[in-house]
Amino acid sequence: MTWLLLVEQTLNGAQFGVFLFLVSAGLTLVLGIMNVVNLAHGSLFMLGAYYAATFFGLTGSFLLALVIMVPLALISGIVIEVVALRTMYDRDHMDQVLATFGLILFFNESVRLVWGPESQPMPVPDFLDGSVEILPEAPYPVFRIVVILVGLAVGAGLYFLITRTKIGMLIRAGASNRAMVGALGVNIRLLYTLVFGLGAILAGLAGMMAGPIQSVEPGMGEDMLILAFVVIVIGGIGSIRGAVIASVLIGIVEVVGRSILPFAMANFMGEDAAQTAGPAVASMLIYVLMAAVLFFKPAGLFPAQAG
Amino acid sequence: MIDRIKLLFLIGGIVVCALVPPVAGAAGDDFYVTLFARIMIFAIAAVSLDLILGFGGMISFGHAAYLGLGAYAVGIFSFYGINDGFLQFFVAIVGSALVALVIGAICLRTRGIYFIMITLALTQMLYFLGISLEEYGGDDGLNTDRSEFIAGFDLYEEVNLYYLILGFLILCVFIMHRVINSRFGMVVRGCHANEDRMQAIGFPTFRYKLAAFVISGTMCGIAGALLANLTEFVTPEFMHWFRSGEIMIMVLVGGMGSLFGPAFGAAAYLLFEEWVPDLMEAVATGTGENWHFIFGPLLVILVLFAKQGLWGLIPDRSRRDG
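Taken in order, these protein sequences are the chains called A and B. Under our numbering, the first residue of the first sequence is numbered 1, with each subsequent residue one higher. Under our numbering, the first residue of the second sequence is numbered 1001, with each subsequent residue one higher.
Chain B extracted, bound-state conformation (with noise of 0.2 angstroms):
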């Protein structure tokens, strides 16, 4: 179970999310509203990965390809015309878990470094497909409507489309939290240590790890949807791998194979790439859009001698949670 300094800062962070609708609201300033929507987006995103890259150890390069399948799954219908939510968001969920299926029966074939390019290239094969499809879009990408779900809770209110994306975030690290802490998740976290063993003890690792890369997939194409309501807007972009990359930065920042870090380490890094640009600017004019010139050094060292993340600087009294 969880220790109950963790469970604090979990909470804390829960009541942070949920009150800076208000307190923007009372300031007049929006714009933290769309960014704290951004930021449980990618935690969405970060946590869904976190369950095969920290608590199954494969290390799965290409994340992003299921947030740009669950917002092209809202952007096309809405091409068409078609804004039902409830629509969209279950071909989202189903489209990403097959996608998820198929590539992932594909990669799991493979193990160590193989697995890593694969995930990649088979990643930026759905960049290209989302380029060549000059129906939607192409390059330029796709202005899209954003859901309707039922009457009386219009999305184009923000302060609604912000307690959606809330309450999808704690749906999905409650379900994350009963995944990692039932049997299958013993069992993915089991492949991890030792998959040898756990073949030997007679349990079919494939299927198991098949079964943890399509939950994850389907949770991250549910934070691609809600990326597509947030930014009214599809693009190729989504799915290009550099934002594979930062989602796993995201995960590493916040602390590998804990359950909430990568939470946490979306908000760090969003806020990084928020922030240091306007102070790199205050210092130096014009040096804001070369904010990865620090960053990339800052990864390296944060690779080197952070493993823990923010996650494990937090005082833990229990040696393992979950």
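Same shape as in the complex, but just chain A (with noise of 0.2 angstroms):
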């Protein structure tokens, strides 16, 4: 029984991983692009997952609000690139950090204003509502297997994009010298603006899908983008293999690691140990993990060949 619980968990954990993946690829291109430290990147997952449930709760069509949703999403970036972002990239970090922690203030502000304090609803879509039996006697919801699919798609999808694409060739010209693209006649800024959008819309689809998952709030980006950020030191900035691996790390880890180790512990230290210790060891696991990274490589496993 044991073992089942663990292949459950461990697919709890990658598809958590898939929402890790999908805001800190966005994060990650651009801080290593821009070189832009992005506190509201918290703030386009929520976003996401509010325009999502708004226009899901309005039209009942999941693949609608998710039509809508994406346009949307890539609005509300570009918006922020061009309005707060722009006037920062020379700017040190201390003012980035301050900037957009602003940010997050007006933004978590803004949607208590127009939806309320409480959580919005917003449930699994009918056509993705069920479980298949992923082994004998252990159904899984489908909702969660389509996450994961997602997730690699969208790994692989970028992953053409910047080894393969015109724009990605542009992209990690620019993360290593961007004067010298400049130079050479690139738009860099609408560059960019294009990648922003880009993270927004990945964050948006994070928040889309984690909607049903977890509740639809004020703040919901917040503990998202710490973890985002976890998952970028421990890749490397500017790395999206990088990203693809430490988030699915991170996610299975931190999952199986609050349902496991209270039993694990239990078999070598007293049940009432356990159940007070385990849940304190569990949550600080990743962080302890990130420090190990650090120590052995201060510029996290894949670091970016560029700048």
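No lab work stands behind these hints, which were simulated from the structure alone. Hints should not be assumed to be uniformly reliable.
Unchecked claim - Now the stretches of chain B that chain A is said to cover, found in silico as 3 or more residues with beta-carbon under 8 angstroms:
| no. | region |
| --- | --- |
| 1 | 1099-1112 |
| 2 | 1121-1130 |
| 3 | 1247-1257 |
Glycine included, each C-beta is placed from N, C-alpha and C at the ideal position.
Got two chains here, separate frames each, mind docking them using the hints?
This is the structure:
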């Protein structure tokens, strides 16, 4: 029975890792290419969830909500980039941190004003509601499997975009030497805006898929943001490959650790002590992992070759 | 040395703080005693953060960790019925120093964006640790008694606690003044200006930066122990990363890299938090709790256009002060 739980929790971890990947993919590109600390990236996750919940509620169609959410997330991202972040590129990190912290406060409060402080209902869509038996007598929700598949598809798509297309080439070039790319006649500002918009869509997509699993409420992006930071630190700034691997790693360690560790520790210490210490140790696990990675590889597991 | 006009502001600030209890007592309103006690506690936290942020150039997004550690040192002893203030504050100081040493040793291996993200993540780890400790209240927090120092000095007398906090504030500002103007302080400031050059002329910069990190964290631990005494309540929320952000905002508003500015920044931020919601409530009922809606954009504007902070607004005859 225990190994069945382990399989199920590993899948949950992988599915959580997909959310982390979608959020951190945009963030790591923005950090790596534009060298901007953007705390407000979690707000894009939140906005995506709210857009999707609203239009899913209005239209009753999950796919239609997706079609409406994507351009809205893109527009939100572009507006943030053009209005606020563009003035920050030449500033030091301290300014970027505080200004985007201000944006978080603004967006959380805006959401609270528009939608109210209570969480928004967002059910699992009918056609994805249900479960399949991944192993005999082990049902697993279809929706979560779809989330994992979407994550795989987006990861593959991003890899293709960055390594095989002209835009990807420009993105990589911009990361290694943006002044030179600009001098060669590429509109580097437009490129930045595009990358930021892409990151906004990915974060919004993650928010939309997280809606039926977590609750859609103000401030839902913040925990995601901090975990995305852990992912980026482990994976290496600017590295999509690092983000993929670190996301799945963190997702699985976080979810499996929280559910298994209290039981596992009960084997070699008292039941009571394990019930107390288990959750405490589990909550620290990913951060210890991060510290360990940093100790041996200060630039992350897959440091991007460029800047 | 410090400019004469700024010295006047500093003394004025201390005198105002010292006069709050008698004036509030005469007016029969204790509310401002508690508010100013809170301001002074966060002034200690902000001044301590400025050592690494403003002078050392280390953008730590995890200063609330030490606030929480200091508070929990008081809270956990109180949980077991030990209210000896000397013991509690000793553990708060040593505990936050040790944790700052470990966190600093890990984080200072990195620079720039990595440093920001790691200090943030490790502080969040302590926050989640606090939540998962069901024994000490977990999410709900822990009610604590006030510390007992010497007989006859009862901290349940609001005025006694108030002047204890004021005393700690003056002590901390004085220590910081000495630290920043010492040889050690010059090296830390040199690391901010150009770390490679400092290394090239032979300074082990890592050790200097780590020492500054520890001093800063320890001082904030004292602020945490005082905060637990003031609120008689300890919660993981003290360590939440929003709190770290707030302390950073206080430093920015007061003036980064100015010794006394952050104390005024703490006052400005907490008074803003106190008065602006009331003001908004007066203009339109029910909007008071949405004050972040105004404060968020205001913060962006402050960052873009008022980097010098309040302290920078005071006219200055000498070009730099310590």
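These are the hints, each one checked on the structure:
Against chain A, the region 1099-1112 of chain B contributes 4 residues with a C-beta closer than 8 angstroms to a partner C-beta. That satisfies the three-residue criterion, and the hint holds. For the region 1121-1130 of chain B, the proposed coverage by chain A is satisfied: 6 residues have a C-beta within less than 8 angstroms of a C-beta in that chain, meeting the threshold of three. Beta-carbon proximity to chain A at under 8 angstroms applies to 4 residues in the region 1247-1257 of chain B; the threshold of 3 is reached and the given coverage holds.
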